[in-house]
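Participant: Each chain, letter by letter, is given below.
2 protein chains.
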Amino acid sequence: MLKRYLLSPGPFEVPPEVLLEMAKPVFHHRTPQFKKALGEAVEGLRYVFRTEGDVFIIASSGTGAMEACVANVLEPGEKAIVVRGGKFGERWGGLCEAFGAEMVPLDVEWGHAVSPDRVSRALKEHPDTKAVYTTLCETSTGALTGVKAIGEIVGETDALLVVDGISSVGGVEFEMDSYGVDLLAVGSQKALMLPPGLAFIGVGEKAWKKIDATKGRRAYYFDLKAARKSAAKTDTPFTPAITSVMGLLKALEMIRDEGLEHVWRRHDALAEAARAGAVAMGLKLFAENPASTVTAITLPQGLDGDALTKLLRDGYGVTIAGGQSQLKGRICRIAHMGYAGPFDIVTALAALEIGLKELGHDVTLGSGVAAAERVLVSRRDDWARRS
Amino acid sequence: MLKRYLLSPGPFEVPPEVLLEMAKPVFHHRTPQFKKALGEAVEGLRYVFRTEGDVFIIASSGTGAMEACVANVLEPGEKAIVVRGGKFGERWGGLCEAFGAEMVPLDVEWGHAVSPDRVSRALKEHPDTKAVYTTLCETSTGALTGVKAIGEIVGETDALLVVDGISSVGGVEFEMDSYGVDLLAVGSQKALMLPPGLAFIGVGEKAWKKIDATKGRRAYYFDLKAARKSAAKTDTPFTPAITSVMGLLKALEMIRDEGLEHVWRRHDALAEAARAGAVAMGLKLFAENPASTVTAITLPQGLDGDALTKLLRDGYGVTIAGGQSQLKGRICRIAHMGYAGPFDIVTALAALEIGLKELGHDVTLGSGVAAAERVLVSRRDDWARRS
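Same order as they appear, the protein sequences are chains A and B. Numbering of the first sequence is given in the numbering used here, commencing with residue 1140 and proceeding in unit increments. Numbering of the second sequence is given in the numbering used here, commencing with residue 1140 and proceeding in unit increments.
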């Protein structure tokens, strides 16, 4: 018997309330019942994204939302600045390439965030840039980008700011409109407390202008103009993932009940506890400016990171993530997004301590958990209830 | 948002596999399908109870099974020795009283177990004793009774040994037949990993002789002779709790897959970790000889135990139990039964540390968890898997 914990940066654990909602019998989508649900879900996402703009719900992984943010926006040969500081920044690059855009890569050392100055300089060097693509939280490194500062810079140009908020929005403090984000891609299986299967796209006014002006057609399933046309009738162009949308409604209700600012504070407190725990057990944090949804931890030299995450998952029942691409085997990543509580942090750190010990690394058992508990005590009202 | 943990000595958390099994559509019980399930469930319970005797499944709380073990066995005025070392020992007394038996109480200080010698002396003083009633684990104190030694003593007399194994069987090392237990009462919501609602009664040969010889009738719903008659046709005298039985089958499958001896070792390791944690944070264990399904911890003088368990439950989402009757407010009880894993212990201890701190008690944060982790490391193969 092995009790399972899913503490990876997507998918993450889903509240039983949401799972139960999704276990209800399927009903038809061309009905007043679904129209009402869809309208409420879009309103709820506007609340979470902090936008007065349009929000679309599509049945796809987060990458589908990213594709929509490229295919609808850039004509072949048009210029895009792409911040690449990890696997998901590189994905923006791959999409730009796939759709024939001219990419100006801003490569950043993994674990670091791009400086707003660098974006500013690139925009001055390339005044014909149509869009700047970046990630809010780079899931592969846990690094947080200063999107607000970048938004101020991009906002002074004709370029769009396009943000991958897949593993962060709904957890990290973020405001689409006031930060000047024109296009936003978000996934369901992270801070939005759903299984994978839904993606969300936020589209602001400035983005629509560019989308409407863009010639040719490189999107059918991910066509935002088709989505807008259907949305005007509170409908979807293609069959929506009905049960996922019903689950989303429940998740959004839970976020509203807690209050978005409290959700942000809870993530921030849990992240602080996770970081304090890692440092106290003698490990280094990988990201310079870490996001509050995922903590990337540099593993000791000589330790096989893949063996560690496999041991935790198959031996102890605790799924955290290892490193991807060039970080494979070198880091581990503990997520604390969406349906995450203080005892997930305690569990992940205890599992990490026991696992490091089993693999022969010298760690003081309990040292990480103790440090995490001290943070939890000091930030008590950010995660616990007052009676 | 508050993630919930149910770590009380019944109900305890139920595996999702069992919950899903119980969520399937109800079918009819007078069918080959249910007959097959019932037969397999009884076989599985025989495996867990370590008995070749009869086992009955009834829809009731554990107290229903206890009532069956009194009402079917004792005529009014017949003598029963009743070990009373806690709330559940007292319940045996209450049942004997309700059915007019003459009770010889063996009162034991709460937290202690009766000595086999004392049972032996009582039997010599009262050679007309028809049954000895005791608990295996006294849930209210966490104390374990040496049933095996008592079984040897009672086995030399005509009296029956009747054991309340409600919060222990399936977790604590126990063998009904070889220990000489004649009647056994077990509940579903403890080590058997089900919600409350089912109870189980084990009946050995010696018990049947007394039951068959007992005059008058004091049981209808709990009539064991009626149950035996139905069981001969793999049936039940009254409508069985169909979905609960299907859940039981799944739980029994999980116990068989792990292997009963490993289940015992897992409980033993988790209990050792819980106890080490409590002691390391400067607290005292309440039970002299603690059972491996529940750890009762004496709280610091002046600390309001009810406020503590309420804070953990309503403030942090972690349900552990307080004290009952004379122990109200003085102890807390952490259960580790059935669907319990190492990170439940870590969670309970971390919550206890944070809660004690919040209530102003001087505790070194992380000290209990560290001690628990050291036990978990040393007993790794009792709870973790080898790949």
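Honestly, I wouldn't trust all of these hints.
Copies of the same chain look alike in the list, so a pair counts if it works inside one copy or between any two.
[Claimed, not checked] Pairs of lysine to aspartate or glutamate, EDC-like flavour, derived with a Cα cap of 16 Å:
| # | residue 1 | residue 2 |
| --- | --- | --- |
| 1 | Lys-1142 | Glu-1156 |
| 2 | Lys-1142 | Asp-1443 |
| 3 | Lys-1389 | Asp-1453 |
| 4 | Lys-1142 | Asp-1521 |
| 5 | Lys-1467 | Glu-1497 |
| 6 | Lys-1218 | Glu-1241 |
| 7 | Lys-1467 | Asp-1443 |
| 8 | Lys-1423 | Glu-1400 |
| 9 | Lys-1163 | Asp-1520 |
| 10 | Lys-1449 | Glu-1236 |
| 11 | Lys-1174 | Asp-1246 |
Just so you know, these hints were derived from the structure itself, not from any lab.
Participant: Against each hint, give a clear statement of whether it holds in the structure.
Facilitator: Checked hints:
1. Lys-1142 <-> Glu-1156: between (20 Å within a copy, 11 Å between copies)
2. Lys-1142 <-> Asp-1443: Close neither inside one copy (24 Å) nor across copies (32 Å); limit 16 Å.
3. Lys-1389 <-> Asp-1453: Neither, since 31 Å and 22 Å both go past 16 Å.
4. Lys-1142 <-> Asp-1521: between (27 Å within a copy, 14 Å between copies)
5. Lys-1467 <-> Glu-1497: Neither: 20 Å inside a chain and 41 Å across chains, both beyond 16 Å.
6. Lys-1218 <-> Glu-1241: within (5 Å within a copy, 94 Å between copies)
7. Lys-1467 <-> Asp-1443: within (9 Å within a copy, 50 Å between copies)
8. Lys-1423 <-> Glu-1400: neither (29 Å within a copy, 41 Å between copies)
9. Lys-1163 <-> Asp-1520: Neither way: Lys-1163 and Asp-1520 sit 34 Å apart in one copy and 40 Å across, limit 16 Å.
10. Lys-1449 <-> Glu-1236: neither (34 Å within a copy, 57 Å between copies)
11. Lys-1174 <-> Asp-1246: This pair counts as neither: shortest intra-copy Cα distance 43 Å, inter-copy 67 Å.
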